[in-house]
Amino acid sequence: MGLPLSRTLAEIEATARKAARGHGCPWGLAEEAGKAARWLASNGLPGEVVMAKLLSNGSKCCCAGGGHPCALKQATAFADTASTLTAPASFASEHPLLVVAQMGRAMDSLGNGLTLEWDAAIAHIAPASLSMEASADILAPTDTVTCHPTPKTQHNPPSPAACVVDPASWAVLDSLAQRILVPSSDASRAGAGAGTSDND
Amino acid sequence: MEDQIAPATFALRPASDVMRLARMGSAHQTRLSFMRGLLRSLRREGWGFDRPIWNIDDAGVGHAVYRAIGPRRSYSLVAFAHDLPDEMRSDRVIATAWDATFALFDGTPTAEDITRLSQNVPKQEAGRISDRELSLSRANRSVRLWSHVVDRLAVGEQPDEEQLEAVGYLMRTTAVYGSGKFGAADRAVLAGRTVMSGPFRAEMLAVWLIRSFSLDLVEHMARIRGGDRAVRIEPQMRRRLGIGNSTGLGMAPFLINHPALLNAWMTARETAIARVRALPAADKQAKAHFMACVAGATRNVEGWHSEHPLQREKLAALRDDLDQLNAHLATDPLAQSQPWDALLYWSEGALSTEGQEQVVALILEPYGDLVDDLCADMATDENACARIEGTMTVGALRTLIAQKYNWATAIDHAPTDHCARFWYVSEEKLEPRLGQRHEEPGAEREEPLDISRAIAALDSALVDDGNATLLADFLMRNPDHRHAVRRVQIAVSRPYSEIRDNLIDAAMLPIDILRCKLAFFGATRFDPRSDRWVRICLYRNAPFPEELANMPEDSWAYP
Numbered sequence: 001m002g003l004p005l006s007r008t009l010a011e012i013e014a015t016a017r018k019a020a021r022g023h024g025c026p027w028g029l030a031e032e033a034g035k036a037a038r039w040l041a042s043n044g045l046p047g048e049v050v051m052a053k054l055l056s057n058g059s060k061c062c063c064a065g066g067g068h069p070c071a072l073k074q075a076t077a078f079a080d081t082a083s084t085l086t087a088p089a090s091f092a093s094e095h096p097l098l099v100v101a102q103m104g105r106a107m108d109s110l111g112n113g114l115t116l117e118w119d120a121a122i123a124h125i126a127p128a129s130l131s132m133e134a135s136a137d138i139l140a141p142t143d144t145v146t147c148h149p150t151p152k153t154q155h156n157p158p159s160p161a162a163c164v165v166d167p168a169s170w171a172v173l174d175s176l177a178q179r180i181l182v183p184s185s186d187a188s189r190a191g192a193g194a195g196t197s198d199n200d
Numbered sequence: 001m002e003d004q005i006a007p008a009t010f011a012l013r014p015a016s017d018v019m020r021l022a023r024m025g026s027a028h029q030t031r032l033s034f035m036r037g038l039l040r041s042l043r044r045e046g047w048g049f050d051r052p053i054w055n056i057d058d059a060g061v062g063h064a065v066y067r068a069i070g071p072r073r074s075y076s077l078v079a080f081a082h083d084l085p086d087e088m089r090s091d092r093v094i095a096t097a098w099d100a101t102f103a104l105f106d107g108t109p110t111a112e113d114i115t116r117l118s119q120n121v122p123k124q125e126a127g128r129i130s131d132r133e134l135s136l137s138r139a140n141r142s143v144r145l146w147s148h149v150v151d152r153l154a155v156g157e158q159p160d161e162e163q164l165e166a167v168g169y170l171m172r173t174t175a176v177y178g179s180g181k182f183g184a185a186d187r188a189v190l191a192g193r194t195v196m197s198g199p200f201r202a203e204m205l206a207v208w209l210i211r212s213f214s215l216d217l218v219e220h221m222a223r224i225r226g227g228d229r230a231v232r233i234e235p236q237m238r239r240r241l242g243i244g245n246s247t248g249l250g251m252a253p254f255l256i257n258h259p260a261l262l263n264a265w266m267t268a269r270e271t272a273i274a275r276v277r278a279l280p281a282a283d284k285q286a287k288a289h290f291m292a293c294v295a296g297a298t299r300n301v302e303g304w305h306s307e308h309p310l311q312r313e314k315l316a317a318l319r320d321d322l323d324q325l326n327a328h329l330a331t332d333p334l335a336q337s338q339p340w341d342a343l344l345y346w347s348e349g350a351l352s353t354e355g356q357e358q359v360v361a362l363i364l365e366p367y368g369d370l371v372d373d374l375c376a377d378m379a380t381d382e383n384a385c386a387r388i389e390g391t392m393t394v395g396a397l398r399t400l401i402a403q404k405y406n407w408a409t410a411i412d413h414a415p416t417d418h419c420a421r422f423w424y425v426s427e428e429k430l431e432p433r434l435g436q437r438h439e440e441p442g443a444e445r446e447e448p449l450d451i452s453r454a455i456a457a458l459d460s461a462l463v464d465d466g467n468a469t470l471l472a473d474f475l476m477r478n479p480d481h482r483h484a485v486r487r488v489q490i491a492v493s494r495p496y497s498e499i500r501d502n503l504i505d506a507a508m509l510p511i512d513i514l515r516c517k518l519a520f521f522g523a524t525r526f527d528p529r530s531d532r533w534v535r536i537c538l539y540r541n542a543p544f545p546e547e548l549a550n551m552p553e554d555s556w557a558y559p
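If you're matching them up, the sequences are chains A and B in order.
Sequential numbering of the first sequence, starting at 1, is according to our numbering.
Sequential numbering of the second sequence, starting at 1, is according to our numbering.
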């Protein structure tokens, strides 16, 4: 066992964004992946693990294949219309924590409260606040996650501190993120700097 | 007293003018620049400063700690001085060794902290710092000036003024990393800390303390060489040395990737300008203050040199502009009503863009009481405005594009020259770079900085949908346009969020983006070394920490 692997929220966001893009997600959705991973991590949840699982499932992004929307795309679409959520809504999710993240971010913006409930956990969300009680594996898929609009009463703010991340998940994200980098060439190097010495 | 109060509603300059690269690339530092705001805050809060550790040997190798002590917190610059062979000295991000390396520590470091930092900070990107640190940076000596200053001080003489003026600094920083990079504390850690709450405050504090270190080290080396004969630099001359910075493309994507923040900076500056323009008259004191700053700006441009053909042309125009401004001021134009508005109106007809932006910066100088409060509005949380409102209709979005992005949809991106470039991140040190789309490989890994092209593509795609369609439905079918939709929604209430030029055009100059950002930092003496690389000077003429409390507030920008 080595030392725990610590990563800052900025690094978690950037790496998840690049990994999603490396997986083939459109940039706009890759940005959602980064921000969702950051939100989860700041609330003490394993954002990097969820994202590594999501992005390891299938050879490319659901957007490219035209197949069934992935859990990120589904949760994001739901959050896009969160401003009109007035009655309880239910659906299945491969990654219920992504629903928590995307709806949590939506509540941060909209200033509303929300309760999300599925077989493994119940999450009370308010702007910049999450309190969650888990009774089973929160990473497991679920047939039914139910959202109820609720008053915003909780006070359990996110933390800006660095997080200990799961090394295996981090390695998955890091490897996907490498795919968006361009190998160096003489041309790219020459154009990048002043091309002059710093010895003056 | 009613006529003393400026209406805040005086029209701001339009984004169609302010957000063009040609104008952004002529920006000058102002009272609202981050380093000036930082020094005002430190002075007002009565911060103290000390140097608890100076452990540098006769070869100039070792470490030192510079501490800023405030009413509630302290911050410490931990500086490592190295012995760098000349052949390893490079200002490129891909360098692997430097003359000096630094971390800004949150509090007072223990011996264990310093040991940990000594094992990581000298390696920079290849090391790892913790969230007890707020920034990571490095600097190289200006070899020419460094040798000269050591030689002179060692024999008891002061440095030659001309040489000092020509370079302007003893060390150049080549990267100052902050907020969450390489393990450093996330920006959110600084939320709510008064002095640190503005943009780039931690980085600006680190650079200010690095300047002190560069002077202390050069005097240390002179003392080692000259012993009792050695002298320190006279305070007046010492203050004329700032800290250099060498900046490349890496800084440019930041402004494009932070549209809400860019809007906040621009809105603060433009609001300050509008407040001053709205003043019905200029009193004697304000006029005198302004005239002194014009004289300072005129002296500054005389000492501002560049070898880059474009900047030489701009500097020649600026010198001519300042001559014209001085001649115009001799006719007492400030005696009329709304004198500052009249002066800007005159400048728009008479001066180059460089000159116009210089005048804009100068008219703010006498009015700290009226504009300095705007510094508090320059920070913003980009995440807070990232949510897409999916219940907006396609028709409403099309209307917004027509209103806010006609500059983008008017560009034809098809011709080779209009999409000649692509922004990417290199494998090498994750450095942002700009490639030639039609000549180099890698365009399939393009970063989403082609804003005008993306908006134009979104506008075309929306045509296929009915105006009543909800954006959430459109995005489910067209996820490729999500990035562009977000930008349009951010721009709804943020007029200055977008650079209104084609950022992949063959003729686009990245140095214009760098100049704008660096002017907000407070940089002077812009000296482009290519179309994507610029050297600047920071904190030139600023007080040193030990002088801050005893010098008049914020009086150093136009000496």
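To be clear, the hints were calculated from the coordinates, so they are not data collected in a lab.
Don't take each hint at face value.
To be verified - Below, a sample of chain A positions facing chain B; criterion: calculated Cβ distance under 8 Å: (1) 8; (2) 26; (3) 28; (4) 35; (5) 63; (6) 67; (7) 162; (8) 164; (9) 168; (10) 172; (11) 184; (12) 186.
What the hints assert, rightly or not - Sample of chain A residues with no beta-carbon within 10 Å of chain B, all distances over it, derived: (13) 27; (14) 81; (15) 84; (16) 121; (17) 148.
As the list claims (entries may be wrong) - Covered by chain B, according to a simulated footprint, are these stretches of chain A (three or more residues, beta-carbon under 8 Å): (18) 68–78; (19) 101–114.
Note that the Cβ used here is the ideal one computed from N, Cα and C, for glycine as well.
A quick look at each hint next to the structure:
1. For residue 8 (chain A), the interface hint holds, the least distance from its beta-carbon to any beta-carbon of chain B being 4 Å, beneath 8 Å.
2. Using the Cβ-Cβ criterion of 8 Å, the hint placing residue 26 (chain A) at the interface with chain B is satisfied: the shortest such distance is roughly 5 Å.
3. Evaluation of the residue 28 (chain A) hint against chain B yields a held restraint, the C-beta minimum of about 2 Å falling below 8 Å.
4. Contact between residue 35 (chain A) and chain B, as hinted, is supported at the beta carbon level, the nearest pair being about 6 Å apart and thus within 8 Å.
5. Here the hint on residue 63 (chain A) is kept, as its CB sits about 4 Å from the closest CB of chain B, short of 8 Å.
6. This hint is violated: residue 67 (chain A) has a C-beta 13 Å from the nearest C-beta of chain B, more than the 8 Å allowed.
7. For residue 162 (chain A), the interface hint holds, the least distance from its beta-carbon to any beta-carbon of chain B being 5 Å, beneath 8 Å.
8. The criterion of a C-beta within 8 Å of any C-beta in chain B is not met by residue 164 (chain A), whose closest approach is roughly 12 Å, and the hint is violated.
9. Violation of the interface hint for residue 168 (chain A) is found here, the shortest Cβ-Cβ separation to chain B being roughly 19 Å, above the 8 Å cut-off.
10. Residue-level restraint check for residue 172 (chain A) is violated (minimum Cβ-Cβ distance to chain B is 18 Å; threshold 8 Å).
11. Interface restraint check: residue 184 (chain A) against chain B, minimum CB-CB distance 4 Å, threshold 8 Å, status holds.
12. The restraint placing residue 186 (chain A) at the interface with chain B is violated, with a minimum CB-CB distance near 10 Å, outside the 8 Å limit.
13. Distance to chain B contradicts residue 27 (chain A) as a non-interface residue, since its nearest Cβ pair spans about 4 Å, not more than 10 Å.
14. Non-interface call for residue 81 (chain A) relative to chain B: violated, since the shortest CB-CB distance, roughly 5 Å, does not exceed 10 Å.
15. Its beta-carbon lying about 6 Å from the closest one in chain B, residue 84 (chain A) breaks the requirement of being farther than 10 Å from that chain.
16. Against the 10 Å criterion, residue 121 (chain A) stays outside the reach of chain B, whose nearest CB is about 24 Å from its own CB.
17. For residue 148 (chain A), the requirement that its beta carbon stay farther than 10 Å from each beta carbon of chain B is met, with the minimum near 19 Å.
18. Given a C-beta distance limit of less than 8 Å, the hint that chain B covers the stretch 68–78 of chain A holds, as 3 residues qualify and 3 suffice.
19. Residue count for the stretch 101–114 of chain A with a Cβ under 8 Å from a Cβ of chain B: 5. That meets the three needed, and the coverage hint holds.
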